[in-house]
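Asker: If you want the building blocks of each chain, they are given just below.
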Amino acid sequence: MQNVIECINLTHKYGKKLIFKDLNFTVQRGKIFGILGKNGMGKTTIINIMMGFLQPTSGRIMVLSEESHNLSPQTRARIGLLHEGHLAYDFMTVEQVEKFYSKFFTNWKKEFYYELMNKMDMNYDHKISRMSCGQRSQVALGLIMAQNPEIMILDDYSMGLDAGYRMLFLDYLLEYVHGNNKSVFMTSHIIQDLEKIIDDAIIIGYQKILLQMPIKEFVNSFHRYCFITDSESLQLEKNDIIKNFEVIKNKYSIYSFHDINEIKAYFKQKNISYEDLQETFMTLEEAFIGLTGKY
Amino acid sequence: MYKAILYKEWIKIKWVLVGFAAICLAVLVYIGLDSRHNIEMSGAIKTWLLIIQRKVLYYSLLKYIPLFAGIALAVAQFVPEMTKNRFRLSFHLPIDEKRMLLFMILIGLLTNMLVYILIIVGLMITGSAFYPQEIVLSSLITVTPWLLAGIAGYLAASMIVIESTWKNRIILSIISIAYFNLLFLENGYNEYRFSFWYYFIVVILFSITILFPGYRLRKGSK
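Residue numbers (my numbering), protein chains in the order written: chain A, 1 to 295; chain B, 1 to 222.
Treat each hint with caution, since some may be false.
Claimed, not checked - Not everything, but these chain B residues come out facing chain A in the computed CB check (under 10 Å):
(1) Y2
(2) K3
(3) A22
(4) T83
(5) N85
(6) R88
(7) L89
(8) F91
(9) H92
(10) D96
(11) E97
(12) K167
(13) R193
(14) L217
Simulated from the structure, these hints should not be mistaken for lab results. We put the CB at the ideal spot given by N, CA and C, even for glycine.
Extracted from the complex, chain A is given alone in its bound form (with noise of 0.2 Å):
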């Protein structure tokens, strides 16, 4: 299958301090790649480099088979980017917006855009100034499919919206994907809602990756056993069995991909003592926090 975006080594510095180092991945045609990762962690820093507003440190992200810092325009009519914050020119009104950019795209939808407005019951002269950021968040995605490109770039969409405007937000993108073959990249640092609509992710920690696979896989193949000791000079370490841990008093969580007798097998082969060892149900999201780490 054919690779739309492809990064390559990616590595990248604001000054001294290492943002991540030696970033790899591909997103496929007609896939939905997301970028899970908490706060601080350069989601938008790919992002940047990808859309070519900064140069990495070091390695490369090939768009469309370009370098993402030399895109041409015509590869970037091919590109669709939300920007964070749903960024939009701010002095336009509904009508103005999409009258300014129908002019840069030759296959310009506008009854996709027009859909959205109707739903929301927006006024065409409503200034997206006076907007709410659930309504801008309408406009820029209308606008983004009404340029019906190839692949579409979200960067944190989730960002400021509330429940219901994240869920119309997903349903609508997930219509026109499905419906147009489209390909999209995407980062959110909440990640609940992304569950059900990514085919393939990677989370992002510490200046690394710490993930890549799958979505429904990591839910499956990640869990989390608690368990209580009487030992109280118990140290636990991270390793490749034991990806987190949390401690409570004499109650511990710990986070692992293996199963619940490979892990009883390296409690033995460690000499921990332990009571009532079992595991528990997670949600995406404690899974998510359970690997990244509540802070």
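Dock chain B against chain A, hints included.
Answerer: Then chain B, alone, in the frame of chain A:
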């Protein structure tokens, strides 16, 4: 595509243009009424003495209007683009970034020109009503450095707004203010008629230099 950019820029700057056109008209009407008042009350000989011997410029109220118009137009055009880094929207459009930026500047310059045309035509009409042709002509030569300051003001303000680092903004501001001062040093009429072209060349340099902060803004480098 360029028509669409013109449309966007027009939305941003139309009220600034209308505002400065109204200010120019009001000032020109005042200059006309003031000239009439002086000639009626003081007589033609005293007015002649003031204008020719003492080099009083009866249109000096216009002096800083082009500069303020230039700065206001630059702010109206580029502050909305820079707020929340909105220029990224424009830079993602399927159009060559340098051409787009130069086209935006061209629109701004032409809008400044509209203000200048109003000033020049107004000066010709008001001047011709009260003064001989030579004085009217000298008024047009005398205001050219002020108009040039307007263009420089527009280009410098655009550059300062687009510039992404405060250090460079401060340096540009100091250079610009020094240059504006040089254009407002006259003590009478026609004083810049020999040196005007040197100042004009500097303004052309301003217009080329604006591409550098634009490029750095596009590529995210400081």
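Asker: Confirm or reject each hint.
Answerer: Do the hints match the structure? See the list:
no. : hint : verdict
1   : Y2   : holds, 9 Å
2   : K3   : holds, 6 Å
3   : A22  : violated, 21 Å
4   : T83  : holds, 8 Å
5   : N85  : holds, 7 Å
6   : R88  : holds, 6 Å
7   : L89  : holds, 6 Å
8   : F91  : holds, 7 Å
9   : H92  : holds, 5 Å
10  : D96  : holds, 6 Å
11  : E97  : holds, 9 Å
12  : K167 : violated, 15 Å
13  : R193 : violated, 42 Å
14  : L217 : holds, 9 Å
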